[in-house]
Amino acid sequence: MTGGRDSDKRSGCGGGGLGLDRTIGDIPRERLSGALRRGAVKKHVAAIHVSGKLTLLQRRLSNVLLLNAYDTLTTQAVHRIDARTLCLMIGYNSNDMDTLKASLRGLAETVAEWDMLDEQGRQEWGVSSLLSYAKLKGGVCEYAYSPALAEKLHDPKVFALINLNIQRRFTSGHALALYENCYRFVRTGSTGWWPLDTFRRLMGVADSEYYEVFKHLNAKIIKPAVLEVNRTSNIIVTPETRKLGRTVTDIRFRIEENPHLAILDLDDGEGVRRSGTYERLRKMGTSDRLARQWIAEHGEVHVDGRLDYVAGQEGVRDPVRYLSAALKNGFGVAPEAPVADPEVSARARRLRRIQELVAARSPTQRDADKRLFLSRLSGAPRDDFEKHGWMSALNAPAILAFWEDLHPGVFDG
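Quick note on numbering: the sequence shown equals residues 944 to 1356 in the working numbering.
If you are wondering where the hints come from, they were derived from the structure by calculation, not from laboratory data. What you were told as hints is all true, and nothing was included just to trick you.
The calculated SDA-like cross-link candidates involving lysine to any residue, where the alpha carbons are at most 20 angstroms apart (straight line), are: (1) Lys-1078 x Thr-1053; (2) Lys-1313 x Lys-1330; (3) Lys-1313 x Ala-1339; (4) Lys-1313 x Ser-1218; (5) Lys-1313 x Leu-1300; (6) Lys-1313 x Met-1334; (7) Lys-1313 x Ala-1303; (8) Lys-1166 x Pro-1351; (9) Lys-1080 x Ala-1020; (10) Lys-1158 x Arg-1144; (11) Lys-1330 x Leu-1317; (12) Lys-1313 x Pro-1351; (13) Lys-1330 x Phe-1316; (14) Lys-1044 x Lys-1080; (15) Lys-1080 x Gly-1049; (16) Lys-1330 x Ser-1318; (17) Lys-1226 x Val-1244; (18) Lys-1163 x Ile-1179; (19) Lys-1044 x Val-1083; (20) Lys-1313 x Asp-1247; (21) Lys-1226 x Ala-1254; (22) Lys-1158 x Thr-1141; (23) Lys-1313 x Ala-1302; (24) Lys-1163 x Gly-1147; (25) Lys-1166 x Pro-1182.
Each pair of labels, with its calculated beta carbon distance range: (26) Met-1334 x Val-1191: 43 to 49 angstroms; (27) Thr-1141 x Ala-1020: 30 to 36 angstroms; (28) Gly-1219 x Pro-1090: 48 to 54 angstroms; (29) Gly-1255 x Ala-1339: 25 to 31 angstroms; (30) Val-1070 x Ala-1339: 56 to 62 angstroms; (31) Ala-1339 x Lys-1044: 45 to 51 angstroms; (32) Gly-1081 x Glu-1257: 51 to 57 angstroms.
We put the CB at the ideal spot given by N, CA and C, even for glycine.
Can you build the whole structure from these sequences, using the hints too?
Here it is as structure tokens:
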């Protein structure tokens, strides 16, 4: 791979401005193999444990590569995937191939170690690199696993089902590591007690003296990771600690399913596509992606109301564009004149800030935010939020508190 800038461009991941909110549903099905169409990967516990040292991009990459190879792990020595498809699935949106190369290099340099019982109850220990090799050539990523690791990955005794739509939601490698290590215990409701040394290894910070102090570990690793897992995944985790005297020695996580973020509802598009609102949008001429985005951003009730409004207008030449304006600006009402009241001006600034925060979120995150906020409402406040979304005047104080909790200090000044 020397002097291979041309090959880098051919296998590039950036064309078309790929975004981090891309999902498997956005990739043409004919470009995916049988394994990739499933959208989830059975991942061996040993692989999960060692991957704590990987970056977020490397963790995503390792899951996608394993999913792509899963059906032929033990029957095929070499596996291949179109580089552009690979980039779509991990949410990589850069033309800089050096980053992708570094991530592949990291997988080849990372050691997987397993220590488990075989069918006869005998202890088995083994070690292998996560990838035996990887290369990019002619727009294709080629890679392989060692035979011993491939056998373990293909015939695991314990599974963790990692949904690829969920993993793309994470912005922190520590949060994704916590999710992967907790999700396999969702049926038992608890991870069981981990010595802090084990937990630090799972989080990839075992080599840092700074995190040997529990106060630092809790503030910088545990609390942010728990917050992100609970906010963006299909489980809710609660940490508990055990002490010897005043020293924290062990940690475990209570686990329950997040009823507002069921695994099948996370941006795979299938649930939305079965709705009447989606069907109306598609008949109007709206693209699949835009239809799902509008429903996720505004809610079915709100979009239906705007659809009814557009349908009642005469002489509309471009209904999709007209609907877009209606969703953005309301029912054609002219903007209010500027007001001098400082309190009104401050409220208007806060509303604009909320709109900016919502716009900065991916469609999946917007949907999750709305589901989480709706779960706290009932009666008239819920109806008002479903109708007006984040601009709901009836819920204004709660909405400000919600976004302040997500982004502390966002409304200061």
